[in-house]
Amino acid sequence: MKFSLSREALLNPLQLVVGVVERRQTLPILSNVLLTLDGSRLAVTGTDLEVEIIGHADVVSADEAGEVTVSARKFLDICRSLPEGANIKFSSSDGKAQVVSGRSRFTLATLPANEFPSVDNGENNIQFDIAGVILKNLIDATSFAMAQQDVRYYLNGMLWEVSANKLRAVATDGHRMALCDAECNIEIGELTKAILPRKGVIELSRLVADEGVVRVAMGSNHIRVDGSDYCFTSKLVDGAYPDYDRVLPKGGDKLVEGNRAELKQAFGRTAILSNEKYRGVRIMLSNGAIKMVANNPEQEEAEEEVGVDYAGDELEIGFNVSYLLDVLNVLKGDGVRLTLSDSSSSALVEDAADGSAVYVVMPMRL
Amino acid sequence: MEPGSAIRKIIHCDCDCFYAAVEMRDDPSLRQYPIAIGGKSDRRGVVATCNYKAREYGVRSAMPTGQALKLCPDLVVVPGTMAKYREASMKIRQIFYRYTDKVEPLSLDEAFLDVTECTQCSGSATLIAEEIRRTIAEEVGVTASAGVASNKFLAKVASDLNKPDGQYVITPQNIAAFVKQLEVKRINGVGKVTNEKLSRLGVKTCGDLQAFELLDLVDKFGVFGKRLHDLCRGIDNRPVNANSRRKSLSVERTYSGDLADQPACMLKLPELLLELRSRLRKVDSDYIVTKQFLKIKFNDFTSTTLERAATDSLPLESFEGLFDEAWQRGARPVRLMGLGVRFIDAGEPGRALQLDLFD
Numbered sequence: 001m002k003f004s005l006s007r008e009a010l011l012n013p014l015q016l017v018v019g020v021v022e023r024r025q026t027l028p029i030l031s032n033v034l035l036t037l038d039g040s041r042l043a044v045t046g047t048d049l050e051v052e053i054i055g056h057a058d059v060v061s062a063d064e065a066g067e068v069t070v071s072a073r074k075f076l077d078i079c080r081s082l083p084e085g086a087n088i089k090f091s092s093s094d095g096k097a098q099v100v101s102g103r104s105r106f107t108l109a110t111l112p113a114n115e116f117p118s119v120d121n122g123e124n125n126i127q128f129d130i131a132g133v134i135l136k137n138l139i140d141a142t143s144f145a146m147a148q149q150d151v152r153y154y155l156n157g158m159l160w161e162v163s164a165n166k167l168r169a170v171a172t173d174g175h176r177m178a179l180c181d182a183e184c185n186i187e188i189g190e191l192t193k194a195i196l197p198r199k200g201v202i203e204l205s206r207l208v209a210d211e212g213v214v215r216v217a218m219g220s221n222h223i224r225v226d227g228s229d230y231c232f233t234s235k236l237v238d239g240a241y242p243d244y245d246r247v248l249p250k251g252g253d254k255l256v257e258g259n260r261a262e263l264k265q266a267f268g269r270t271a272i273l274s275n276e277k278y279r280g281v282r283i284m285l286s287n288g289a290i291k292m293v294a295n296n297p298e299q300e301e302a303e304e305e306v307g308v309d310y311a312g313d314e315l316e317i318g319f320n321v322s323y324l325l326d327v328l329n330v331l332k333g334d335g336v337r338l339t340l341s342d343s344s345s346s347a348l349v350e351d352a353a354d355g356s357a358v359y360v361v362m363p364m365r366l
Numbered sequence: 001m002e003p004g005s006a007i008r009k010i011i012h013c014d015c016d017c018f019y020a021a022v023e024m025r026d027d028p029s030l031r032q033y034p035i036a037i038g039g040k041s042d043r044r045g046v047v048a049t050c051n052y053k054a055r056e057y058g059v060r061s062a063m064p065t066g067q068a069l070k071l072c073p074d075l076v077v078v079p080g081t082m083a084k085y086r087e088a089s090m091k092i093r094q095i096f097y098r099y100t101d102k103v104e105p106l107s108l109d110e111a112f113l114d115v116t117e118c119t120q121c122s123g124s125a126t127l128i129a130e131e132i133r134r135t136i137a138e139e140v141g142v143t144a145s146a147g148v149a150s151n152k153f154l155a156k157v158a159s160d161l162n163k164p165d166g167q168y169v170i171t172p173q174n175i176a177a178f179v180k181q182l183e184v185k186r187i188n189g190v191g192k193v194t195n196e197k198l199s200r201l202g203v204k205t206c207g208d209l210q211a212f213e214l215l216d217l218v219d220k221f222g223v224f225g226k227r228l229h230d231l232c233r234g235i236d237n238r239p240v241n242a243n244s245r246r247k248s249l250s251v252e253r254t255y256s257g258d259l260a261d262q263p264a265c266m267l268k269l270p271e272l273l274l275e276l277r278s279r280l281r282k283v284d285s286d287y288i289v290t291k292q293f294l295k296i297k298f299n300d301f302t303s304t305t306l307e308r309a310a311t312d313s314l315p316l317e318s319f320e321g322l323f324d325e326a327w328q329r330g331a332r333p334v335r336l337m338g339l340g341v342r343f344i345d346a347g348e349p350g351r352a353l354q355l356d357l358f359d
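Residue numbers (full-length UniProt numbering), protein chains in the order written: chain D, 1 to 366; chain Z, 1 to 359.
Simulated from the structure, these hints should not be mistaken for lab results.
Note that this is a predicted model, so its numbers are computed, not measured.
We treat Cβ as the ideally placed atom computed from N, Cα and C, and that holds for glycine.
Some hints could be false.
Computed beta-carbon distance windows for the label pairs [to be verified]: (1) K291/D to A177/Z: 37 to 43 Å; (2) K220/Z to S118/D: 45 to 51 Å; (3) S118/D to R253/Z: 50 to 56 Å; (4) E307/Z to K74/D: 29 to 35 Å; (5) K74/D to R86/Z: 57 to 63 Å; (6) P249/D to D312/Z: 43 to 49 Å; (7) S313/Z to S356/D: 47 to 53 Å; (8) D245/D to T290/Z: 51 to 57 Å; (9) D129/D to D258/Z: 52 to 58 Å; (10) E307/Z to S118/D: 28 to 34 Å; (11) E307/Z to I272/D: 27 to 33 Å.
Using the sequences and the hints given, assemble the complete structure.
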């Protein structure tokens, strides 16, 4: 295999795929990227057996087609440290790869391309197009609520539900939940569900940054997202996601509306003196105002009061302040609406003007 | 002197080779032999405790029984009876409580007592320690050693100095001279690695260590540096914690033959889990399980532990999942497996309970 291209053209696909290449690998080949030259198009593939990303680049000269694998980390570090605008010549033969640029020359070890594992692409059941930026908003509005390393393994991921012209994303760690809807172009009769693994969700959010339209294909065991210069494939988590609809609070009678930035800043300050382990904050709701109080084991205390639109019974309720701040951070509008009922029932938090995303936070008993 | 700043009187009481002492009490004929309490060598047991005769041969706690028998071929290995030791331990604890409520048990045979406010023996901690040791010998039939000092660190070091059946007192006036010659390896927390690191710095005694600035020690040893800085001067303000609470609970087993592969290990998981569950039923209901973990020691003695968030239900499948992942890390025959859980303590003051969305 032999080709040449600019440093920048090569860096782009390398940086797209390097995230899935783990540093500590039991299988040596998994720390490599697969380079495939087909015509004038170079494909760079990285995988961790669960998530696979292929990045594409056009080469300047395609001298000899072929495929080979080299260390992702070292190849990226070399390309990164070459000067801007450098031209890179790559060639491989006899188990070695050569990277030449100007007066720099690197000889890298290779592993055979036919040993590089691919993530199985089974049958696609459904397929739809969606703007990358919408998909990114959907993921970013919900991914913070995914569990991490929970034994309920299906919570370490994100539920996607596709119905007629609608894509819904749900994430929960059992204490709080995020749910967001986006419009997408699909004619479909019945609901299709899939659980994307946490790592896939995080990588996908990095990939779909731009305005372009991406094509999403879902099968029973995998999901595939094709963008203009990348292709993302992930295995799906096999498991039954909890019935999220059941935990959406319905009987809340205490409607509070306030300024998001004001509330966020006040909670942020209160959090400083909350117990570092439990992060508990006590909220006292009364006509026209929310008061928040935090104490820590050193007997220090923070107290804040924020004016809000509320008229009704008083309520005292405790929350993990980090959960509230997470929500206030991902919401974008000026106003925020809280719906509460009593001190042991969940709170519903949403944008005052935009109902496409809702957040549920369970209280703490303080 | 103000009440808050009064010099404390702490006793560290430690029974002498406790399990072996209980066995010799119940069968005096054992006294003439070197004995060890622990698992049999053909089942790959380890020595839990041994008597002083056995120690003369170099037998030590936590030594594999096979190795102990090589050092001392006449060693009598007695399988332990936990229930018996627990009963003796409870009797000893009751003796402590005659003097103070401020008792912090460290294990079945070891405890700290804060006797600052005791009025017995004219308030003399030295006399109280003597009386306690005499009472343990009379009522329980085993001997204990004690250290008396103004804090936990010094009391613990002191209890080791006149073992067995003796005690050592460090008066406030003697602290400076005592720590000056005290070897740093006697400090709880200074193990092999830290000791080697200190040796390289030319530090052998606490006196040597006193020459180092606080910031220097923190830089070299992290948070432990602050503690070293205090301890080498004989300072330890930790209170005797009468109701110290559990942070975790675990069960483990060393198998008499290596478990060859994954299926062989999987077969052993249910009985370990049953044991864990039965132990869990005995702990306070204030403890809430937050994490579960699984430990494997492979036959090359490397070990690995995997931990996940968990709830009280602890299904077998969740441990099987942990096992699969942990096994990959060594992928060789397994010598030991352990299961455990970590708690948060709802009884702890100031603690908050996060409610769950799904029950």
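Verification of the hints:
no.	hint	in the structure
1	K291/D to A177/Z: 37 to 43 Å	violated, 58 Å
2	K220/Z to S118/D: 45 to 51 Å	holds, 49 Å
3	S118/D to R253/Z: 50 to 56 Å	violated, 41 Å
4	E307/Z to K74/D: 29 to 35 Å	holds, 32 Å
5	K74/D to R86/Z: 57 to 63 Å	holds, 59 Å
6	P249/D to D312/Z: 43 to 49 Å	violated, 24 Å
7	S313/Z to S356/D: 47 to 53 Å	violated, 35 Å
8	D245/D to T290/Z: 51 to 57 Å	violated, 27 Å
9	D129/D to D258/Z: 52 to 58 Å	holds, 56 Å
10	E307/Z to S118/D: 28 to 34 Å	holds, 32 Å
11	E307/Z to I272/D: 27 to 33 Å	holds, 29 Å
Checked against the numbered hints given earlier, the structure breaks hints 1, 3, 6, 7 and 8 and satisfies all the rest.
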